[in-house]
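Novice: One-letter residues, chain by chain:
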Amino acid sequence: MDQLLTNFIRALRNADVRISPAETLDALSAVQLIGYGDRQLLKDSLGLVLPKTLDEKAAFDTCFDQFFSYRARTSLRSPTPPSAQDAATADRGDNTRDRAAEANDGTENRETEAGDGTQAGNSSAGSGEARGERSGRGQSSEATAAAREARESSEDVSPGEMPAPQSPLSRLLTRANSMEINIAINAAGQQVNVYQIELFTQKGVYTRRILEAMGHTALQEEIFSLSDSAAIPDRRLAQDLTRRRDWLRERIREYVEHQFLLHADVSGRRLRESLLRDLRLSSVEQRHHRLLRDLVQRMARKLVAAYSRRRKVFRRGHLHVPRTLRRNMKYDDAIFDLHWKSVKTDQPKVFAICDVSGSVANYARFMLMFLYSLEEVLPKVRSFAFSSDLGEITDLFARNDIDTAIALALRQYGSGSTDYGQALADFRKLCLDDLDRRTTVIILGDARNNYGDARTDVLKEIYDRARRVLWLNPEPRAIWDTGDSEMRHYIPYCHQAEECGTLAQLARVVDRLLRIGL
Amino acid sequence: MADIPSIAASVASLKQHLEAHRYICSDQIATAVYLAYHLRKPVLIEGPPGVGKTELAKTTAQMFELPLIRLQCYEGLDEAKALYEWKYGKQLLYTQVLKQTLDEVLQGAKGFAESVKRLHEFGDIFFSEEFLEARPLLKALREEHGCVLLIDEVDKSDHEFESLLLEILSDYQVSIPEIGTVKARHTPPLVFLTSNNTREISDALKRRCLHLYIPFPDIALEQRIVNARVPEIAPRLRDQLVRFIHDLRELDLKKVPSISETIDWARTLLLLHADRLDPELVRNTMNVILKFQEDIENVQPELRTLTDKAVRS
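If you read the protein sequences in the order shown, they are chains A and B.
Position 518 of the first sequence, counting from 1, maps to 518 under this note's numbering, and the rest follow consecutively.
Position 163 of the second sequence, counting from 1, maps to 163 under this note's numbering, and the rest follow consecutively.
Fair warning: there could be bad hints in the mix.
Calculated lysine-lysine pairs in the DSS-like style (CA-CA distance at most 30 angstroms, straight line) [stated by the list, open to error]:
#1 B:99 <-> A:330
#2 B:58 <-> A:57
#3 B:117 <-> B:99
#4 B:255 <-> A:349
#5 A:380 <-> B:255
#6 A:43 <-> B:58
#7 A:330 <-> B:117
#8 B:90 <-> A:341
#9 A:57 <-> B:255
#10 A:380 <-> B:156
#11 B:156 <-> B:58
#12 A:341 <-> B:87
#13 A:57 <-> B:15
#14 B:183 <-> B:58
#15 A:330 <-> B:81
#16 B:15 <-> A:43
#17 A:380 <-> B:254
#18 A:341 <-> B:81
#19 B:156 <-> A:349
#20 B:110 <-> A:330
#21 B:156 <-> A:341
#22 B:309 <-> B:255
#23 B:139 <-> B:15
#24 A:57 <-> B:254
#25 B:90 <-> B:139
#26 A:57 <-> B:156
#27 A:330 <-> B:87
#28 A:330 <-> B:90
Quick caveat, the hints were computed from the structure, so don't treat them as lab data.
Generate the whole structure from the sequences, applying the supplied hints.
Specialist: Below is the structure:
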């Protein structure tokens, strides 16, 4: 199995592109057909096989660019280890400078040696300490590190001859080009399963683990022992290795960052989603609205998918001549078993009345969101909003996208003081005649009427005409009927009254609705 | 007979051949045909109306010189119209004939059991291929040398019909209860499904298809398309009108003009012997590109600026 492709698909799934195993196989055969050679062709092909909606295509595009950019970037920019570059320029460097350097060599050397001498004198106590500690190792690595740092920064050994590095990692670092090192990083990453990274706090851990897997300890040891050595070439190597090691760390950090972006983002998202489900809707923060909207939409779609399967065969409509003939052949063409064409969907009409007054301001936003999604997926939803005066917002929803529609609805009807009596009367005037046995009326609100006239008689009228009246109240059941809540007067005229303050509760309500039929 | 394998040898060659048949397309579209041919997968094409979804299937059929079998979907389409139906008239007629010859058939038969046995020898003759009226889907499977099957506007059909398609799309076969399973002969058809997204296509169907989204083309591509379709048009007018259409698509319209409208408009202007856009001309021919009075009225005030912009740049 193609490791690269499976990793990519994993990353895609994280970006919320739904990919089934069958599609994975398709992608595999597509890749076998076209190969990895042509980037654009690869993108086009996988873009045909894997993402199946416009949203997914957008996600796919960014994901593809991210995933395959890493390789593209490294091979393009090719960040060779800095000192290797230095060495290279020195190698290539014009001879004149070299010669000049040689001419100055004597004096320079003397100077550096003198400098070394004094510095060694200054830090002799420190290095002595360091050496002592290193023999009784592991007691206070901080001090060692500090000492080493001091030594490293104090020394500035000019480039020149160096002994061959000993540990495998240092050999790799000095010898290999950046591509090979990237491959090594990748291999180490796979070894420590960096793909399982989930939280950003794990970045450090994984960086360290990859370093370890690549033989960091041995390298560290080598640098230690080299920098303690008296010979200048040794120290020169130590410095070189330190630089290369830092460069390597940087690369690995980048690599882990990249892997995190590809693989981890989603678990955070899943966590957020599950938290959101149980959060009271009024307290959901602005920035989560998008996510909430997705959840709501998914739920509405689920509702409709389940619903659209319910169909009834009516014994009315056109005669289905071919089928009737066929079925009656066995009776010697005496036609008595009739078959009918019309398979009719029992389409319920939904009238949704949403309270958008000040008392439920936060909640209203979400309820409107639900209504909007419902309208997108169910053909016959009529929506109404009110604070005191009630108005129909079906058209408003149909014409605008979700955010504008909600904003408009809130501006037009929102944040007044609540008057259920007036709203119900308005509703009656507007469309009582449209209510029939197939109509479900959903009322979304807290039933807090400011001690005004509740007009339960109107609700009773609605109750008598409609198939179902359903009240969804955002408040916890315990505080229904407290204060100015008219819930207790309204409940007798509802087929069902539910607490509906969180997404989880809403999901439950929807579920139950489906079971008994809307 | 077209040399299909060599045409489909590479994406570039496909693109070239499509262009030779006056279908100018992006790499993505050519890649879709390429993969569809080599992986033997159906292609589900989505996109705004009039960007050439149906045209792609037609052109592919022309290019490969294969018959095009088209199934137009609509609400209430069922297997009797899409897949197969029995020839009832013929069946009835034969029953009548059989009635008259029944005596001969049953002559000499002793007892009921033997009569039934003899009748059985007729087998399921009434439900054999002779009496089967093949509808587009079955026809496509039975094509000897393969064909291009176009299932147009699949989003207009019902959920049930989608499920019916699943067997065909994944295995290129259908099950007819009276006969058994009909498999595609030699080469399975190349299947194109188009959808205008009036409703969400089910995941099961999508999973079996390559998914191609054709957006509106960019200016350069659209100019080439107009060039291919209306070659007589003057280059200057062509550039101007394509730019104009592109600006128009930016506006908030009920129905934005699509490629087919661009082409219609180009033809109209050609007929009017226009050699450049001017506001008056645009106003008079507006109804070719905008199909709603509301849109036309909305655009009127912008018309001069839009025309100027298209002419100047």
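Novice: Are the hints correct? Go through all of them and say.
Specialist: Going through the hints against the structure:
1. A threshold of 30 angstroms between alpha carbons decides the hint, and for residue 99 of chain B with residue 330 of chain A the separation of about 13 angstroms falls inside it, so the pair holds.
2. Between residue 58 of chain B and residue 57 of chain A the alpha-carbon distance is near 25 angstroms, which keeps this suggested pair within the 30 angstroms criterion.
3. As the CA atoms of residue 117 of chain B and residue 99 of chain B are separated by approximately 17 angstroms, the hinted pair is consistent with the 30 angstroms bound.
4. A hinted pair counts as satisfied when its Cα atoms are at most 30 angstroms apart, and residue 255 of chain B with residue 349 of chain A qualifies at roughly 28 angstroms.
5. The suggested pairing of residue 380 of chain A with residue 255 of chain B holds, with an alpha-carbon distance near 23 angstroms, which does not exceed 30 angstroms.
6. For the suggested pair residue 43 of chain A and residue 58 of chain B, the alpha carbons sit about 26 angstroms apart, so the restraint of at most 30 angstroms is met.
7. For the hint pairing residue 330 of chain A with residue 117 of chain B, the CA-to-CA distance comes to about 17 angstroms; that is within 30 angstroms, so the pair holds.
8. For the suggested pair residue 90 of chain B and residue 341 of chain A, the alpha carbons sit about 22 angstroms apart, so the restraint of at most 30 angstroms is met.
9. Restraint check: the Cα-Cα separation between residue 57 of chain A and residue 255 of chain B comes to about 23 angstroms, which is no more than 30 angstroms; the hinted pair holds.
10. Using a Cα cut-off of 30 angstroms, the hinted pair residue 380 of chain A and residue 156 of chain B holds, with the two alpha carbons roughly 18 angstroms apart.
11. For the suggested pair residue 156 of chain B and residue 58 of chain B, the alpha carbons sit about 20 angstroms apart, so the restraint of at most 30 angstroms is met.
12. Distance restraint check for residue 341 of chain A and residue 87 of chain B: the Cα-Cα separation of roughly 18 angstroms lies within the 30 angstroms cut-off, and the hinted pair is therefore satisfied.
13. A distance of roughly 22 angstroms separates the Cα atoms of residue 57 of chain A and residue 15 of chain B; the hinted pair therefore holds under the 30 angstroms criterion.
14. Between residue 183 of chain B and residue 58 of chain B, the direct Cα distance comes to roughly 24 angstroms. Compliance with the 30 angstroms bound is thereby established for this hinted pair.
15. The straight-line distance between the Cα atoms of residue 330 of chain A and residue 81 of chain B is roughly 23 angstroms, inside the 30 angstroms bound, and the hint therefore holds.
16. As the CA atoms of residue 15 of chain B and residue 43 of chain A are separated by approximately 17 angstroms, the hinted pair is consistent with the 30 angstroms bound.
17. In summary, the hint linking residue 380 of chain A to residue 254 of chain B is supported, as the alpha carbons are separated by about 21 angstroms, within the 30 angstroms threshold.
18. A distance of roughly 13 angstroms separates the Cα atoms of residue 341 of chain A and residue 81 of chain B; the hinted pair therefore holds under the 30 angstroms criterion.
19. For the given pair, residue 156 of chain B sits about 22 angstroms from residue 349 of chain A by alpha-carbon distance, which is consistent with the 30 angstroms threshold.
20. A threshold of 30 angstroms between alpha carbons decides the hint, and for residue 110 of chain B with residue 330 of chain A the separation of about 23 angstroms falls inside it, so the pair holds.
21. Between residue 156 of chain B and residue 341 of chain A the alpha-carbon distance is near 19 angstroms, which keeps this suggested pair within the 30 angstroms criterion.
22. A distance of roughly 22 angstroms separates the Cα atoms of residue 309 of chain B and residue 255 of chain B; the hinted pair therefore holds under the 30 angstroms criterion.
23. With a C-alpha separation of about 28 angstroms, the suggested pair residue 139 of chain B and residue 15 of chain B falls inside the 30 angstroms cut-off, and the hint holds.
24. For the given pair, residue 57 of chain A sits about 25 angstroms from residue 254 of chain B by alpha-carbon distance, which is consistent with the 30 angstroms threshold.
25. Only pairs whose Cα atoms come within 30 angstroms are accepted, and residue 90 of chain B paired with residue 139 of chain B is accepted, the gap being roughly 20 angstroms.
26. At roughly 23 angstroms between alpha-carbon atoms, residue 57 of chain A and residue 156 of chain B fall within 30 angstroms of each other, so this suggested pair holds.
27. Of the supplied pair hints, the one linking residue 330 of chain A and residue 87 of chain B holds, its CA atoms being roughly 16 angstroms apart against a limit of 30 angstroms.
28. Under the criterion of a C-alpha separation no larger than 30 angstroms, the hint pairing residue 330 of chain A with residue 90 of chain B is consistent with the structure, at around 15 angstroms.
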